[in-house]
Structures are given as structure tokens and as C-alpha cells.
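Please model the complete structure; the sequences and the hints are all you need to start from.
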Amino acid sequence: MNVNFSLLVPEYVLVGVAFVVLTVDFILPRRHRIHLSWLAAAGLVLSAMVVMVRRWDTVETLYDGLFIADKFGLFFFVFLTTLTAVIVLISHDYVRKHIRQPGEFYALMVFAAVGMVGMAQAGELLTAYVALELLSFSMYVLVAFRRDDSKSNEAGVKYIVLGAFSSAILLYGISMVWGATGTTYYAGISEHLAANDGNLDSTLILGLALILAGLGFKVAAAPFHMWAPDTYQGAPTPVTAFLAVASKAAAFALILRLFTQGLLPALEEWQVLVAVLAVATMVIGNTVAIVQSNIKRMLAYSSVGQVGFLLVGVAALGYVEDGAVIPVTLASDAVMLHLIGYAFANLAAFATVIAVYNHIGTDELSGYEGLAKRSPYLSMVMAVALFSLAGLPFFVGFLTKFYLFTAAAEAGLLWLAGVAMAASVVSLYYYLMVIKRMFVDDVAESDTIPVAVSLPSLSWLLLGALLVGTILLGVYPQPVADVVEAASGAILPGA
Amino acid sequence: MNNFDESVLTLLLVLPFAAALALVLWPGDELRPMKWFSAAVALATTVLVAWVILGFDYTEAEQYQFVSETEWLTQLGIGFNLGVDGIAVAMLALTGIAFPAAILVGWNVDARSKDYLILLNLLVGGVYGTFVSLDLFFLFFFYEIAVLPMYLLIAFWGSSTNFPRFTRLKEYSAMKLVLFLVGGSVLIWISIIAMFVEADLNTFNLVDLQRVGFDESFQNWVFPLLMIGFGLLGGLWPLHTWSPDGHVSAPTSVSMLHAGVLMKLGAFGIIRVGIQTMPEGAEAWAPLLLGLGAVNVIYGSIAAMSQTDLKYVIGYSSVSHMGYVFLGLATLHTLGVTGAVLQMFSHGIMTALMFTLAGAVYHSSHTRDIGVLSGLAKVMPVGAFFFAVAGFASLGLPGFSGFVAEMLVFLGLFQTYPWIGALAVIGAGITAVYMLRLMAKVYFGETAQRWETLPDLKLNEKLVAGTLALTLLIVGLAPFYLIDVIREGVRHIPAVTG
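Those protein sequences? They're chains A and B, same order as listed. 25 is the number of the first residue of the first sequence in the working numbering; add one for each residue after it. -11 is the number of the first residue of the second sequence in the working numbering; add one for each residue after it.
Rather than coming from a laboratory, the hints here were simulated on the basis of the structure. Where hints are given, some of them may not hold.
[Stated by the list, open to error] Listed below are the simulated DSS-like cross-link pairs for lysine-lysine, each with C-alpha atoms no more than 25 angstroms apart in a straight line:
#	chain 1	residue 1	chain 2	residue 2
1	B	Lys23	A	Lys397
2	B	Lys102	B	Lys23
3	B	Lys446	B	Lys102
4	A	Lys121	A	Lys175
5	B	Lys164	A	Lys460
6	B	Lys450	B	Lys23
7	B	Lys450	B	Lys366
8	B	Lys366	B	Lys429
9	A	Lys397	B	Lys102
10	B	Lys23	B	Lys446
11	A	Lys460	B	Lys102
[As the list claims (entries may be wrong)] Residues on chain B that point at chain A, a partial pick, calculated with CB under 10 angstroms:
#	residue
12	Phe5
13	Gly114
14	Phe184
Backbone N, C-alpha and C define an ideal beta-carbon position, used for all residues, glycine too.
This is the structure we're talking about:
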């Protein structure tokens, strides 16, 4: 077999960056190690540049489709590494104050990025599984990284137990699919499904259901979301941001590729399942978020709700007409766009949470009372982020939700879009309650919290960039929409 | 058409948003320049509106004018398309007057005035945007923008109301208002997306969608969603309960904009998106709209009669007056619909005037309790005079715009549903009762000792009240121009007969 190993140069660079960070960590004197964040971020950006140069127009596979390099993979490679770089920079001040081993912290983030780009480019179930595990193992360590903090430890234990459990379910599902079809390649599964249209083996269907459940655990879709709130709350906040944004985006990259290139012919079997999962996730995530008193828990439930919206897009990937499955390209566009918009808004929110925590040492919502007076800038960024998450106009969230729901209607799921809109109104309620705390409520007299919140210039810049991005994408989305359309065309041709 | 005509609507739309952005980035804390800046921007939009009104060619009113089209998102066929017809022109005129008036009345707000001005600008930008958008995406986009700043405007700058047994908190009113309106917009959103899919043209262009001619069965299930979704913002019974609470809790200039302009977005949406795209749906559901509108008129005026709070009276009278708008629309008759749009204009001006005066009373006396206030005419003669003007316009005295508008609605009703017309006239009678009683109690009669030292209207309030009252009078005495413009716009709607 003739294998073109040079295709993987960008991945080599990424792995190399992780090892370089680890090595430099040994050499640098302790007080300089905090600056490893710059090295890690630069390395991540470098790999993104390398992949753009190396694979801009490449459509190529390795090992008969085990690894697929195409526009979709390219898009997610760049998106995920950039996200990781941003999170690395966001964590800079947090790490300086609360983390004792910056080298390992950043190296693990880069390793997680390797796993994520693998998930987006795998064309075979076991490869996707291995990539997913690389991501998960990095995250298990990162979640429990504050060894002196019992909350962080608890979060780590919950995450690792449930994570291992869900991996087992996923693996079990994969084995069943293999048993029924004799292949784990997406393309092979697709052929098998198309050939046996209408009379699928029950083993295969059970296998698909188990895979769906396993992935549901990974993205924290209800009813598989129980680990999320505790883990999100206990983990160091930059890691929470990573879990909520980057690892979720990677999981959806995997889901998109699997469901389009592998499972699309069996749309009738799974569409209802995914739709039901979406409804449960939106409803549970958005209603339980209302009663939270800790902002990280609230954002955890809110991101469960957001996963519900994304699942609406997955359910809308096609519709059946005269027995044939017609793909809906708008749906995969919409999921990717929503991931981008969600990343901007959610990172802005988490960056604010980190800045507030670094300053006043609490993540309780009561700490946000009167924030507008203490730091107009932080409260403005937070307000924009929350408005965007709620899907209000001017901000990218409005456009991406509009896109998602239009796609759902295009696939004949108008009722699902209706449920999603209603869930979106509910979400507005708890986002507004935070806004109320920041802008309307006053700081209590006896408050020991200092009045003015000062921001390091790096945080200031990052927050500004995320703020501008959230607004700019909301008012001028055409270029990004074109990029996304090209990327989703690689996995969902035609229509 | 020259170049400026093509960009005048864009400019009108961009101005308030640009002003909001400029205020966000404004260096320094000095408030006076910011206020002057906002006033200048508001007046600039008025000038642009005047340009549109003067340049509007109403011999060709069946076409949208001042049209500009820009592709915005090709994947979904969304275009940044702007244009106005006769109905939109009347609404622009209303906004062009109410916006500077609200800025002027809000001149005395001194807590966090900068944020206040930013939010006001955003709100008005959303209002202008909704009136001039010819693309469903953007119409919805601006509609939502117009609603959202209300939360902070009411929750922070508003006031709570003490009732004998409970207190209606401003935060509660603000949240109620936003959740009701955003909840209503879910229905609009569903309809918009359903229209996009049903038309299968890959476009949200409203002009194209108006020409589609949807299936009757489709129209029959989508039109009620639009009617209720938009009607909610218009205060359609029984979903009106957010409106008196919201109006009362809001600070004066926000009440002016909200009752004056924002509620009109709802009725405007029913025409623009509902009636214009779905004639058969409109015909099928007109009886329901008629029934609800009649309840609005009667229920609103009876509720207004039993209020003890000055602003609640005005709030419920808005519910009642918006009922005439719904009645007019439901006739689907040229006279009735023209009357409805004129009523939207007239009520907007009138209610803005009333809230200005109620605000002036509240700011100096710190109470809005009708039982306590009495004989204010002696100490605030100017205020009393203008309140009388607003009150007479409200009860439909000939010579004021309210008379013309209600007359047209009644004429339209008698052509189509005479019994409801009779009911509506009774409603106008009840309005006369509570308005006159209110005036008699608050302004005339014995002046209580504690009110002896109340100051009269301030200069800015006089200016605003004078302008608004003059508008009521001009439109009342010479309504022809406005009626012509509106009627030409209305006549070309396929669903409207007569």
C-alpha cells in the first residue's frame, strides 16, 4: 500500500508543538514558565497555517478512507486549533494565579487539539473513537488539574467515570455495527445501509442507537448530561470553556461527518431519535438553567440547551421524498455556523467569568450584582455574549439560530423549530436575570468587593476581539457563510 | 430618482445605530454634549423623514418607493432591502415626531443618562428599521431590536407602582413585557420560516413573497399566527396585560415611544406581513380580529374607567384605542384600513402627549394617584391646557386627528359589520366618560393645599407638548394629505376592497 505520509504534516506539527511545550517546560526557570502560553498559542496558530498551505485544495484519503483530508476537515482543523489557541490565551492570567504546572496544562490542551482534529477528519469509527479518547484523556487530567481543590477533584472523578462509561457504550455500539455490516468505514456503512434500504438488521439499529447514546454523553445531550454541571462547575474555568466550546465543536464535527457520510441513507431510522434527543436537551437544559445560582453551572445548563439547538440541525440533515433521502445542505451549514457563533459568544462569557473570578474570587451569581458599576467593560461584554447566546439580533446568535431553524423547516421539521424557538425564549429569561444583576441591582453596602475591576491588557484585548467578532458576524456574515458552505459541501454534496 | 433618494432610507436607519455606537465610545463623562448630540441625531432623522414625505410620489403609491436592495446572505436569499409605501410613510412621520420629543422629554434623566440615550437610540433604530424593511429577515431583526432595550429601560429607569394590596415592581413589568413580546415573536418567526419553505423561492424578499399567492390552506393556518404574534405587540386582547404594566413602569420618554410608536409595529406587522401576503387568510380570520378588537375597545375603556393611577388610565386607554386599529384592519375595506393607519398615527401622537403630561405631574408631585391629585389646572395651567387637548383628541372631538381616524374606522365598519360599528361607537362614549372625569378630577376642582407650589411644565416639556398638540390639530383640521398617502398605500393591497 502506498501511503502518502506527508499529507499528515500539519498533524505532526501539532504533536510536535505539544512535545516542545513539555520540553521547554523542563528547561525554563519556574518563574518564566507562565509564558509557555505564548509558545502553545503560537504553535497552534502555526499548525493552522501549515494546514492551510499544505491542504488548501487537497481532497485525499489515507488507508482507504480511514483518514479524510477535505475542505470539511480543513475547516475544522483551522477552527479547532484557533479555538484552542484563544482558550490558551484566555487562561493566561488564570494559570498564573491558580495553576502550578503551566507546561503540562498547555501541553495537554495541545494534545486535546490533536484528538479534536482527528475526530473531524476520521472516516472510520475506530479511528474516530481513538481520536475522541485522546481528547477525553487530556480532558480528564485537565478537569482535575487543581489538585488542591476538592471541587476540581470531584469534577474529575465524575467526568472520568461517566466518560469511561460512555466510551464503553460507544465501543459496544461500534462492535455491533461492525457485526452487522462487516465494516467500520463510514463509506462502507453507507453502502450497506443504502443496499439494505428498509429492512435493517435489528443489531445494526441497536448499534446505531448505542453510538448515538455514546456521542450524546460526550456532547452532554439530555438525558446523558448529568456529568456536565458538576464537571463544569468544578473544573478550572479555562478548562470549562474548553469543554463547553472546543470539545463540543469537535464532537459535532465527528457527528456531522458520521451522519452525512455514513448514516444518511438510514435517515428514517435515526431522524426521530435525534429530534427527540434535541427536544429533551433543549427543554431540560434551558429550564434547569433558570434555578442555578452559580454562573458556571448556569452556563453549563445553557450549553446543554445550545447542544439541543445543534441537534435540531443534525436532525434536519435530510428528508425523505418518494423513498429517497434528500440531503439538506442548509442544515450542515447551519450547525457549523452555529458552532462558530456559539464559540464567540461562549468564549466571551467564559473570559468574563475568568476575569471576574480572578478579581473577586467567586463564581456565584451574587458576585455579579452591580458589575456594570464596577466594570462597565466586562458587563458590556457579558451582556453581548448572553444576548448572542439567547439569539437576539445584532449578535451572531440571532443569525445562526435563524439559519438553523430555517434549515429545520426545510427538512420538514417546522414543529421542531417551533420547540427550539420556545426554548430560546425560556433561555432569554435566565440570561436577562444575569443582565438584571449586572445592570439594575446595586452592590450591597457591606460589600467587601473592590469597586473597580482592573483588567490585564491581554484579557482586555481578547474580550474586545470576541465582542467585535460576536457583533461583526451578526451584521456581516456573508464571508464566513461562504467558507462554511464550501466546507459543508465536502460532506453533503448535491441538493 | 437620484442617488440620495436611494440611500435616504439606509441613512435614516443607520443614523440612530451609529449614534448609539458613538455614544458607547464617547470620551469623557460630560452629559450635556451627549444630550445635544442625541437631540441633533433625532432631528436629523426627522429631516430625513421629511425628505421622504415630500419626495413620496403618491400618484404611484402602488409601488414601494425609495427602494434600495443589497444582497446580504445569499445562502438564505436574505437581502438588505428597504422601501416605503403610503402606510410606512405615515408611520415614519409618527416616529420622526416622537423620537426627538422623547429625547427632549428625557433631558432631565440624570442617572446613567449615557446608557439611557444609547438604549433610546437602539430602540428607535429598530422602529425605523421595521417600518422600512422589505425583507422578512430584516423586518424581524429590527422588530426584535425595538423590543429588547425596553427591558433595561424599564427595569433601571422605571418606577414601581403601589397598589393597596401589592406592589407592581418595575423589574417584574420589564420582564413580563419582554417575555410576552419575545414569546409573540416566536409565532412570527415560525410563520416567516414557513413562508420561506412554502414559497420555495429561496428568498425572504417581502415583495416577492407578497406576489406568491400561497395556498389557501397554508394561509389559513399561518395568518392567525401572524395576527396573534404581531397583535400581541399591538395590545390585542387577551394578550394585552403586559402593556399597561409596561407603560406605567417605564420612564416618561420610554412610555411615549412605547405606547406611541412601538405598539404600532404590531399593527404594522399585521398589515405588511399578514394581510399583504395572505389575502385569503386575512378574510377567513377577519371576524376573529374584529371580535377581539371590539373587546379591546370596550374592555380597555371599562378598565381605564376603574383605574386610580394616572398612568394606568392612559395605559388602558391605549389598549382601548388600539382596538379601533384592529377593528379598522378587520374590515378589509379601504375606509376602515385607512382609518386604522390614521388611528395608529393619531394615537401615537396623542398618547405621547398624554404621557409627557402625566410624567410632568408625577415628577413634580411624586404621585400618580387620581384620588390625591386635584385642581392642578390652577398651578399648572399650561399642563392642563395640553392635557385637555390630548383628552379631547382621545375622546374623538371633531377638530382633532382622533375624530377623523375613528370616523373612518366607523365608516368602514358600517360598510361591513354595522353591529360592531355600533358597539365601537359606544366604546367611544365610554372613553368620553373616563377622560372627562379624569380631567375634572386631576386638573379642575378644588386645589389641595399640598399642590399649591407645584411648578408648571418645564421649557422642554412645553416645547414637546406644543409640537404634539399642534400635530393633532393640523391633522385634525387638514387630514387630506395624510389620508391620501395612506389610502393610496392601502388601496393596492389585494385583500382590501371598496
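Structure-based check of all given hints:
no.	hint	verdict
1	B/Lys23 x A/Lys397	holds, 21 angstroms
2	B/Lys102 x B/Lys23	holds, 8 angstroms
3	B/Lys446 x B/Lys102	holds, 22 angstroms
4	A/Lys121 x A/Lys175	holds, 17 angstroms
5	B/Lys164 x A/Lys460	holds, 14 angstroms
6	B/Lys450 x B/Lys23	holds, 18 angstroms
7	B/Lys450 x B/Lys366	holds, 17 angstroms
8	B/Lys366 x B/Lys429	holds, 13 angstroms
9	A/Lys397 x B/Lys102	holds, 13 angstroms
10	B/Lys23 x B/Lys446	holds, 17 angstroms
11	A/Lys460 x B/Lys102	holds, 18 angstroms
12	Phe5	holds, 9 angstroms
13	Gly114	holds, 8 angstroms
14	Phe184	holds, 6 angstroms
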